[in-house]
Amino acid sequence: MIPGSFDYHRPASLDAAISLLASLGEEARVVAGGHSLIPMMKLRMAVPEHLIDLQDIDDLKGIAINAGTITIGAMTTQAELIASAELESACPIIKETALLIADPQVRNVGTIGGNVANGDPGNDMPALMQALDAQYVLQGSGGSREVSARDFYEAAYFTAIEDGEILTAVRFATPAAGHGYAYFKQKRKIGDYATAAAAVILTIDGGTCSSASIALTNVGDTPLFAQAAGEALIGSSLDQGAVAAAVEAAKAITDPVADGRGPAGFRTHIAGVMVGRAIACAAERAN
Amino acid sequence: MNDQTIPPAAERAAALQGLGSSRKRVEDARFTQGKGNYVDDIKLPGMLFGDFARSSHGHARIKSINKEAALAVPGVIAVLTAEDLKPLNLHYMPTLAGDVQAVLADEKVLFQNQEIAFVVAEDRYAAADGVELIEVEYEELPALVDPFKAMDDDAPLLREDIKDKMDGAHGPRKHYNHIFYWEEGDKEGTDKALAESDVVVEELITYPRCHPSPIETCGCVASMDKINGKLTIWGTFQAPHAVRTVASLITNIAEHNIRIVSPDIGGGFGNKVGVYPGYICAAVASIVTGVPVKWIEDKIENLTATAFARDYHMTGKIGATKDGKITALSCNVLADHGAFDACADPTQFPAGFFSICTGSYDIPVAHCGVDGVYTNKAPGGVAYRCSFRVTEAAYMIERMIDILARKMDMDPAELRMKNFIKKEQFPYTSALGWEYDSGDYHTAMEKAMETVGYKALRAEQVENRAAFARGETRALMGVGVAFFTEIVGAGPVKNCDILGLGMFDSCEIRIHPTGSAIARVGTISQGQGHATTFPQILASEIGLPAEDITVEEGDTDTAPYGLGTYGSRTTPVAGAAAAMAGRKIRAKAQMIAAYLLEVHDGDLEWDVDRFQVKGNPEKFKTMKELAFAAYSQAIPGIEPGLEAVSYYDPPNMTYPFGAYICVVDVDVDTGVVDVRRFYALDDCGTRINPMIIEGQVHGGLTEALAIAMGQEISYDAMGNVKGGSLMDYYLPTAVETPVWETDHTVTPSPHHPIGAKGVGESPNVGGVPAFSNAVNDAFAHLGLTHTQMPHDHWRVWQTAQRLGVTG
Chain L
1 MIPGSFDYHR
11 PASLDAAISL
21 LASLGEEARV
31 VAGGHSLIPM
41 MKLRMAVPEH
51 LIDLQDIDDL
61 KGIAINAGTI
71 TIGAMTTQAE
81 LIASAELESA
91 CPIIKETALL
101 IADPQVRNVG
111 TIGGNVANGD
121 PGNDMPALMQ
131 ALDAQYVLQG
141 SGGSREVSAR
151 DFYEAAYFTA
161 IEDGEILTAV
171 RFATPAAGHG
181 YAYFKQKRKI
191 GDYATAAAAV
201 ILTIDGGTCS
211 SASIALTNVG
221 DTPLFAQAAG
231 EALIGSSLDQ
241 GAVAAAVEAA
251 KAITDPVADG
261 RGPAGFRTHI
271 AGVMVGRAIA
281 CAAERAN
Chain Y
1001 MNDQTIPPAA
1011 ERAAALQGLG
1021 SSRKRVEDAR
1031 FTQGKGNYVD
1041 DIKLPGMLFG
1051 DFARSSHGHA
1061 RIKSINKEAA
1071 LAVPGVIAVL
1081 TAEDLKPLNL
1091 HYMPTLAGDV
1101 QAVLADEKVL
1111 FQNQEIAFVV
1121 AEDRYAAADG
1131 VELIEVEYEE
1141 LPALVDPFKA
1151 MDDDAPLLRE
1161 DIKDKMDGAH
1171 GPRKHYNHIF
1181 YWEEGDKEGT
1191 DKALAESDVV
1201 VEELITYPRC
1211 HPSPIETCGC
1221 VASMDKINGK
1231 LTIWGTFQAP
1241 HAVRTVASLI
1251 TNIAEHNIRI
1261 VSPDIGGGFG
1271 NKVGVYPGYI
1281 CAAVASIVTG
1291 VPVKWIEDKI
1301 ENLTATAFAR
1311 DYHMTGKIGA
1321 TKDGKITALS
1331 CNVLADHGAF
1341 DACADPTQFP
1351 AGFFSICTGS
1361 YDIPVAHCGV
1371 DGVYTNKAPG
1381 GVAYRCSFRV
1391 TEAAYMIERM
1401 IDILARKMDM
1411 DPAELRMKNF
1421 IKKEQFPYTS
1431 ALGWEYDSGD
1441 YHTAMEKAME
1451 TVGYKALRAE
1461 QVENRAAFAR
1471 GETRALMGVG
1481 VAFFTEIVGA
1491 GPVKNCDILG
1501 LGMFDSCEIR
1511 IHPTGSAIAR
1521 VGTISQGQGH
1531 ATTFPQILAS
1541 EIGLPAEDIT
1551 VEEGDTDTAP
1561 YGLGTYGSRT
1571 TPVAGAAAAM
1581 AGRKIRAKAQ
1591 MIAAYLLEVH
1601 DGDLEWDVDR
1611 FQVKGNPEKF
1621 KTMKELAFAA
1631 YSQAIPGIEP
1641 GLEAVSYYDP
1651 PNMTYPFGAY
1661 ICVVDVDVDT
1671 GVVDVRRFYA
1681 LDDCGTRINP
1691 MIIEGQVHGG
1701 LTEALAIAMG
1711 QEISYDAMGN
1721 VKGGSLMDYY
1731 LPTAVETPVW
1741 ETDHTVTPSP
1751 HHPIGAKGVG
1761 ESPNVGGVPA
1771 FSNAVNDAFA
1781 HLGLTHTQMP
1791 HDHWRVWQTA
1801 QRLGVTG
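So the sequences go chain by chain: L and Y.
Letter by letter, the first sequence follows residues 1 to 287 in my numbering.
Letter by letter, the second sequence follows residues 1001 to 1807 in my numbering.
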């Protein structure tokens, strides 16, 4: 449980980080909170020669809520997400999800940027970002671009991020006032990844579901945006039939691996249960 | 000086903080401030660090080991393999079970993560880099994972080193993968009684392989002083003296030239009883290099390569009359011991005290038999927070009783009450030969049922089942009852030894002139609070305040010989030694008092903290005064000083018991089991420190929850260990842990000097069946007889699915 040898860099600005990343090449890895990368290094499943620690870059921290848009700096910790009353009021599902990540010690150091950029299908924020239709801001020596969370994930640990790019922020439209939301996660214990988890965000207009988006955690080699599941709800009164259709649509896109949490079939089943319960909870919260 | 008003006896007794006082744990001041001194805190000048290259296969022949690249790493000093240990005859070491275990793999590997090479480097980082570069070429062999296939004709041969040695340490071996067969009881009589019974139930009850997983892993620092020829090993040892003797026997270093020190230990739970290759390799490396060598496992190594627990496949069969009186019990066990038999049991008991499996019941005839087999899994078989194989026995009988109750449509608590050994039957000799010292089971069970409102719970369950059938709830309520009897405090030297060393224990007390004292004992705390509780025993015996008594243990150069701490033996054995040593102190003090008070010693009586003249309590000498006199006065016929030693050979084991009741709500759609309530009544005889007992029960119940609900070390068909890290291995946090309700009755042991029985392991023994019975009970009305542990989400859901109640 001791990593191989590596050089440690701690740039004070984003530009410095980007140029370090450019000059050190593909043997360099950016580290945010380190809660995915460092365990992998300790198991020697990842053996970067250089670690570029982003924690001294103030520009990457903070939560900005204005003009209908929420922007969260990549180095904002889960604990800071949880503590922000403004964020809780504008988009409460962030706090609900962050509280289900690992334990307080991890959340004190783990960041939203690290959580979404690493491409670990077990992480909770990526599915939530898909449900929120977030954009990821990627910056490299050639400038900045944005990629939708729904297009970002290619396979486990493979994402749309290019060599030399750093994910600097996530950005999404503030959900409509009165929206319903829920993040439901089944896990074996505190600190565990999900057996299956589901994020649901919806709005109800005069008894009819006017918008719905659903995404799933840890039941495929990427987070899964369950478009058909959301669509199954839109226009319905969230009646039993519509919910059942959404659950089935969500289950249909899962492809989990068998692991200590159970065989694939069980994890797909749990994904369905989480979706159903999250819809019910979101519907209750919507007004 | 005796003219002041004498405080009342009760007041003086309270000031001593003796038996029954919930005095705070004196050791916690350093632990809570991060000032504990654990093995990994030991840093010696010039110390090197060793780390293991381990097998990536479950079963394979080693074709070659190349250490060149590892030796080229800057800072790597040496790499040891079996070839290097062979000239010293240390490539195998004896196990506690009469087998041998490879220290470093000799020509083949028999389990994944088996030790292959020991890389010694200037620091742990270089050692880890060296380990990465050890190149091992394997020829893979078929792995034997299923113990039920171990004795097949075509089973792979695991132990080539002993393939022709068909006479094992515990009798003849039936097959090359067989280790022993051990039995107890009357087979013929049991079979006959079962055949004649009105009702018979039979079930395969599996207690899966799990691991004690103490927070601190195993490790040591070995230091050979070449000037004086003395080898010192600081290590995570639950039995330091036994380690010293074993080390002397296998290294041929004279025993006085070996010093074993157990510093603070971060939990043991049986995991630190055995001898591991790391200890041998660190010692050899220190002898070779002439400087100290440290070895510390990481968590994955601890979980996958050091001693596991359980892995008992128990086929229980129980018979009863039609009105519910048990007629007979039989149990046949297949015990998976892994690649080497490294069980930690008293020598004559290869299946530990499994024959306590008749439990708390008056069963006229019984038989049990245990076959031990080799598989391609890590060796071990330690008692994880229980006396030797007692939790397995308790789990089997407590599940079987529930299964019988279900079959007979009787309430499981009622069936237990009907078959309990009665208070007036103690001392009670069980059908399998144990003499239970004392008990009052009916009182304990009745108190438990009354406290939890058992009848109301069953009524609520009837309601819950009806509501479930109507589709109003998706949660099923389960009530688990368990009543356990343990057998702890090993043990009488006449039948209990480890590698020939009798399982007595010891205490040595020195009273200082000013009336404070130091006591040394042959045990070692791993968190049990010995520094707090031994002084309480002594305070009540010798009348000096507990806070004035220091306890020292764990250093073989200073502590009297003892067999260590495990199997709830500290209080029953060393606690008795402390009381007996205290009584010797008091006897001498009485002689001194008689001289000082100018009376015959028979005219004195003991009163809390002093000797007083019978009928004249104004005339007395306090223990403090007598201590000073022992060092200051020339007393005819009495040696100066005030010291005593006691080596205590217990006449019998002690038999703690308890009644546990657990209430769960099972979500049939997710398999999540919510423990709504857990009530634990323990009877451990005389209670030394109620607060420490409560803490022990809390900890043990939490481990029982972990075992019942999730802990499992399993292997795939290739012998790859699954769940070998804390990502998968279930260690509950405060969030998963329910609120524990504790209670007690007190039935003292008649043969123990202070009537104490031991408690540390009771909650594990009683807790596991209580949880499991509750989960099984939730589904019982749907026709479930038995579902195997662990009751994790998937298995519980699978059970619900099998019974047709999932959505």
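One should not assume that every hint holds.
[To be verified] If you anchor each label on the Cβ, the simulated ranges turn out as follows: (1) L:D103 - Y:A1467: 55 to 63 angstroms; (2) Y:S1064 - L:D103: 42 to 50 angstroms; (3) L:V47 - Y:R1458: 53 to 61 angstroms; (4) Y:K1163 - L:A160: 17 to 25 angstroms; (5) Y:E1135 - L:D255: 31 to 39 angstroms; (6) Y:T1785 - L:T208: 19 to 27 angstroms.
Don't read these hints as lab results, they were simulated from the structure.
Every residue, glycine too, gets a C-beta built ideally from N, C-alpha and C.
These are the hints, each one checked on the structure:
1. L:D103 - Y:A1467: 55 to 63 angstroms: 36 angstroms, violated
2. Y:S1064 - L:D103: 42 to 50 angstroms: 45 angstroms, holds
3. L:V47 - Y:R1458: 53 to 61 angstroms: Given a distance of about 60 angstroms, which is inside 53 to 61 angstroms, the answer is holds.
4. Y:K1163 - L:A160: 17 to 25 angstroms: 58 angstroms, violated
5. Y:E1135 - L:D255: 31 to 39 angstroms: 37 angstroms, holds
6. Y:T1785 - L:T208: 19 to 27 angstroms: For Y:T1785 and L:T208 the Cβ distance comes to about 49 angstroms; the hint is violated.
Checked against the numbered hints given earlier, the structure breaks hints 1, 4, 6 and satisfies all the rest.
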